[in-house]
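**Q** Here are the chains, one letter per residue:
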Amino acid sequence: GSTPPAATEPKVTIPECFSHLSIAKKSAMTNADKDVHPTVLVLGQQMATFAIDESITRLKATLLAFKKVIDSYNTPPGNTLARHLTPHVLNPQIDYLTACRPMCFSMGNAIRWLKLQVSKIDPDVPEQEAKKQLCDSIDSFIQERISVADFVITEKAARRIVNGDTILVFGRSTLVERTLLHAHSAGTRFSVIVIDDPYEKKGQVLSKTLAAEGISVSYCGDFGGLRWHVQRASMVLLCAESMFSNGSMYGRSGSCDLAIAAKALEIPVTVLCETINITDRVATDSLTYNEIDPERCSAASFRLLFDATLAKYLSVVITELGSVQPTSVPDILRKLEESN
Amino acid sequence: MAPPKGGFAPSLEKFLDTLKSRPVEASVELLISLLKRHQIRGSEPCAIATAHILLQVVAKDKWNDVDQLLGRVQLIGRKLVAAQPRELVIANIVRRVLGLIRDEAEEDRNDNNDGQSDVASEIPPPVTSVAGGTDSPSKPMRPPVLGNLGNFARTQSMFNLLSDPDTAPVVWSNGSTPRLGSGASTPLAHPQSTNLYSFRSEVIDGIEEIMDEIKQVDEQIQAYSEITIHPGDYILVHQPSRTVQKFLTRAASKRRFTVFLTVDPSASLASEDPYASFRKSMASGGATVVTVLNAGLNAYMSRVNKVILGARAITGKGGVIVDAGAATIARAAQEQGRTVIVLGGVYTLSPESQFQEALIEWGDPSKYVNFADGSMVSQVKVKSAVSEFMPGDHVDTYITNLGAHTRDHLHTLIMDHYKEEDIAFDFYGKMQR
Numbered sequence: 064g065s066t067p068p069a070a071t072e073p074k075v076t077i078p079e080c081f082s083h084l085s086i087a088k089k090s091a092m093t094n095a096d097k098d099v100h101p102t103v104l105v106l107g108q109q110m111a112t113f114a115i116d117e118s119i120t121r122l123k124a125t126l127l128a129f130k131k132v133i134d135s136y137n138t139p140p141g142n143t144l145a146r147h148l149t150p151h152v153l154n155p156q157i158d159y160l161t162a163c164r165p166m167c168f169s170m171g172n173a174i175r176w177l178k179l180q181v182s183k184i185d186p187d188v189p190e191q192e193a194k195k196q197l198c199d200s201i202d203s204f205i206q207e208r209i210s211v212a213d214f215v216i217t218e219k220a221a222r223r224i225v226n227g228d229t230i231l232v233f234g235r236s237t238l239v240e241r242t243l244l245h246a247h248s249a250g251t252r253f254s255v256i257v258i259d260d261p262y263e264k265k266g267q268v269l270s271k272t273l274a275a276e277g278i279s280v281s282y283c284g285d286f287g288g289l290r291w292h293v294q295r296a297s298m299v300l301l302c303a304e305s306m307f308s309n310g311s312m313y314g315r316s317g318s319c320d321l322a323i324a325a326k327a328l329e330i331p332v333t334v335l336c337e338t339i340n341i342t343d344r345v346a347t348d349s350l351t352y353n354e355i356d357p358e359r360c361s362a363a364s365f366r367l368l369f370d371a372t373l374a375k376y377l378s379v380v381i382t383e384l385g386s387v388q389p390t391s392v393p394d395i396l397r398k399l400e401e402s403n
Numbered sequence: 002m003a004p005p006k007g008g009f010a011p012s013l014e015k016f017l018d019t020l021k022s023r024p025v026e027a028s029v030e031l032l033i034s035l036l037k038r039h040q041i042r043g044s045e046p047c048a049i050a051t052a053h054i055l056l057q058v059v060a061k062d063k064w065n066d067v068d069q070l071l072g073r074v075q076l077i078g079r080k081l082v083a084a085q086p087r088e089l090v091i092a093n094i095v096r097r098v099l100g101l102i103r104d105e106a107e108e109d110r111n112d113n114n115d116g117q118s119d120v121a122s123e124i125p126p127p128v129t130s131v132a133g134g135t136d137s138p139s140k141p142m143r144p145p146v147l148g149n150l151g152n153f154a155r156t157q158s159m160f161n162l163l164s165d166p167d168t169a170p171v172v173w174s175n176g177s178t179p180r181l182g183s184g185a186s187t188p189l190a191h192p193q194s195t196n197l198y199s200f201r202s203e204v205i206d207g208i209e210e211i212m213d214e215i216k217q218v219d220e221q222i223q224a225y226s227e228i229t230i231h232p233g234d235y236i237l238v239h240q241p242s243r244t245v246q247k248f249l250t251r252a253a254s255k256r257r258f259t260v261f262l263t264v265d266p267s268a269s270l271a272s273e274d275p276y277a278s279f280r281k282s283m284a285s286g287g288a289t290v291v292t293v294l295n296a297g298l299n300a301y302m303s304r305v306n307k308v309i310l311g312a313r314a315i316t317g318k319g320g321v322i323v324d325a326g327a328a329t330i331a332r333a334a335q336e337q338g339r340t341v342i343v344l345g346g347v348y349t350l351s352p353e354s355q356f357q358e359a360l361i362e363w364g365d366p367s368k369y370v371n372f373a374d375g376s377m378v379s380q381v382k383v384k385s386a387v388s389e390f391m392p393g394d395h396v397d398t399y400i401t402n403l404g405a406h407t408r409d410h411l412h413t414l415i416m417d418h419y420k421e422e423d424i425a426f427d428f429y430g431k432m433q434r
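If you're matching them up, the sequences are chains X and R in order.
The first sequence begins at 64 in the working numbering and counts up one residue at a time.
The second sequence begins at 2 in the working numbering and counts up one residue at a time.
No wet-lab data here; the hints were simulated from the structure.
A quick note: this is a predicted structure, and the numbers were derived from the prediction, not measured.
Accuracy of the hints is not assured; some may be wrong.
[Said to hold, decoys possible] Derived BS3-like pairs (lysine-lysine); straight-line CA-CA distance at most 27 Å: (1) R:Lys382 / X:Lys271; (2) X:Lys326 / R:Lys318; (3) R:Lys307 / X:Lys326; (4) R:Lys382 / X:Lys375; (5) R:Lys384 / X:Lys326; (6) R:Lys281 / X:Lys74.
[To be verified] Computed beta-carbon distance windows for the label pairs: (7) R:Asp18 / X:Leu328: 41 to 51 Å; (8) X:Glu79 / R:Gln337: 42 to 52 Å; (9) X:Glu276 / R:Ser367: 23 to 33 Å; (10) R:Asp18 / X:Lys74: 26 to 36 Å; (11) X:Thr272 / R:Glu421: 37 to 47 Å; (12) R:Ala425 / X:Ser361: 51 to 61 Å; (13) X:His83 / R:Ala268: 29 to 39 Å; (14) X:Thr272 / R:Ala373: 12 to 22 Å; (15) R:Ser367 / X:Lys178: 44 to 54 Å.
[Stated by the list, open to error] Which residues of chain X face chain R? A partial, calculated answer using Cβ under 10 Å: (16) Ser279; (17) Leu350; (18) Asp370.
C-beta: ideal position from N, C-alpha, C; glycine also.
With these hints in hand, go ahead and build the complete structure from the sequences.
**A** Structural data, given as structure tokens:
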């Protein structure tokens, strides 16, 4: 008998001029390497479908999954953990995750750190002990670079909001949402303008969350009349996906247009970014590093997920290690290298 | 107002069909309601509708002299502008027609003066009553001939002897004509029916010429597409109007280039693709169309050579009324030194001086937010822009049916197409804008 034809995916067509950019591929779990851990398999699918989307959330989920991988790892006889774990166990996981969706800069940074920790393990330490050491250092890494970092950044940013302010934000990002809620619960009275990406509409979720807390919110679903909205703001608050070492911000596509509008009206643009998101790479335009929306790359549609905002449009970058001029981002990188 | 027969939604076509069968007043009222309800919208339909209604006024209305006609056109112009103040083309067309009437009247008067056929033509129009005592006439008045001054009083009284209210010379009916502070006017020297008849048909011809001009705009602007678009270009267009689509299609028949097309996000979900025929004709030429589903277009600018935008209206200082979202795109282009080209007919060029730059037309908030979404609707102020103002410094070139212009040249175009007294005329009054 004939089998019913499988539902065909719309053909992926990418215009020649964007063919150098990365894109998340829907790869079936069955195609994965046999060594890929079940937790990582699931995580990969969540990333491919953008159920887990923000840089810092992806990072945290990856590290927690890797803890499970390490936990269930047994060194084969005749090998040492320090030399065997990375090439034979971690790399297949990483390859699979990258195949699901291109790694974000924070994941790259953290994986480099993790591999360094693995290589540092003393061959004489018993395996159980070594695994515990690794898991503990992952825990403290998450604690230090993500949890505490987020707390410190929201604290600092919330303190920059004063009574009577109007804060303009773009879409929804966890850090910005937490900052606004934090400032509100600290008793600051301010209003919020949410500008949204009409193709994502995540700003509506943020609007409702804020409004439910009693914050005065106005919402605009696209960039129509953008200048009019920006004019009414006292500060633009953005969350960076990553910061490049030349002070450019890698953010949700559209962030740059907001920053340009704000700069023209001399309204300060504040960027929130955990230091783990800082990369030593440089971007002077949005087409050097970017990602194509896998949902929208047919013949009929195309969408870039990110853009790069040059340092000249940004006022200050708030990290857990300090608030700096965007051009001073390399100094923070240097600080991090010294502390490691 | 009874809906048009057939029960379909009213449109420009339906409106034009019913024009002939209706009295002028009824047509004016109908047009006002159509404009208010956005059932006639967009520069070209509004311009065409305005021209048609004024043609009806000239052809069917009762008026005995030029001033009455001018007053009538101004009055109806005000009503139409009040119905839809955001469509600047309405006032543009009214001003064009006013200028046309003045020109025809001026011509007739000169003809009469050359002929020296009549005593009445020797008499200078009473400046004070015509000009309302404040505005100075645009053209210097013919100085009165000295010899006539002595006869003036007697001439006047003799006229009165023979005068009949219906055939009284224009000059004397001026005082009683209701006027709207129209500025200087050029009264007809010869109010006789034959003259009025030819005058009327001259004006009607003129209005028809304006309509033809409006209809030919796309065709004429197209002619510049090959000069503008080069092989291998990346062109960014935002919700392209028919003018922009035709411009690109013409270029595609000669050149291979790529178009980044941004669409109305709310329409991108609809099953019907508004640009289907555009895509088809682009593909049949050598052009590639990439539909970009991004709101901020700055990411693409390092790739783009030119941004081409359609104007809803162009102001004398170079600012442009564009579809919402276009100003941000032009801004991004300007930041990266990309060329921004605005396409629009000369009839969209507005001499309006009291135009507010902050003018944004806000539209249906349910565009992105569902009314069923209770917490959004009840707690969040939702704004959605339809059109916005783009400052002139974002634009490099304006292409009209008369060619390519710089911002500084627009003023000259305005002076060529409108008369000063009509530019000065306030269509808005004390209207809240």
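**Q** Now look at each hint and say whether the structure bears it out.
**A** Here is what the structure says about each hint:
Simply put, R:Lys382 and X:Lys271 have alpha-carbon atoms about 11 Å apart, close enough for the 27 Å limit, and the pair holds. Between X:Lys326 and R:Lys318 the CA atoms are separated by roughly 24 Å; this keeps the pair inside 27 Å, and the hint holds. Among the hinted pairs, R:Lys307 with X:Lys326 is consistent with the structure: their alpha-carbon atoms are about 23 Å apart, no more than 27 Å. Taking the CA atoms of R:Lys382 and X:Lys375, the gap is about 32 Å. The hint is violated against a cut of 27 Å.
Between R:Lys384 and X:Lys326 the alpha-carbon distance is near 23 Å, which keeps this suggested pair within the 27 Å criterion. The suggested pairing of R:Lys281 with X:Lys74 holds, with an alpha-carbon distance near 19 Å, which does not exceed 27 Å. A hinted range of 41 to 51 Å holds for the C-beta pair R:Asp18 and X:Leu328, which are about 49 Å apart. At roughly 21 Å, the beta-carbon separation of X:Glu79 and R:Gln337 lies outside the given 42 to 52 Å, and the hint is violated.
At about 25 Å, the CB distance of X:Glu276 to R:Ser367 agrees with the hint of 23 to 33 Å. Roughly 46 Å separates the CB atoms of R:Asp18 and X:Lys74, a value that falls outside the hinted 26 to 36 Å. Here the CB-CB span from X:Thr272 to R:Glu421 is close to 57 Å, at odds with the stated 37 to 47 Å. For R:Ala425 and X:Ser361, the hinted distance range of 51 to 61 Å is satisfied, since their beta carbons lie about 55 Å from each other.
The given range of 29 to 39 Å is respected by X:His83 and R:Ala268, whose C-beta atoms sit roughly 30 Å from each other. Here the CB-CB span from X:Thr272 to R:Ala373 is close to 19 Å, well matched to the stated 12 to 22 Å. Between R:Ser367 and X:Lys178, the C-beta spacing of about 52 Å keeps the proposed range 44 to 54 Å intact. Interface hint at X:Ser279: satisfied, since its Cβ lies 8 Å from the closest Cβ of chain R, which is below the 10 Å cut-off.
Annotation: interface hint on X:Leu350 holds; nearest CB of chain R at approximately 6 Å, less than 10 Å. Interface restraint check: X:Asp370 against chain R, minimum CB-CB distance 4 Å, threshold 10 Å, status holds.
Of the numbered hints given earlier, the model fails hints 4, 8, 10 and 11; all others are met.
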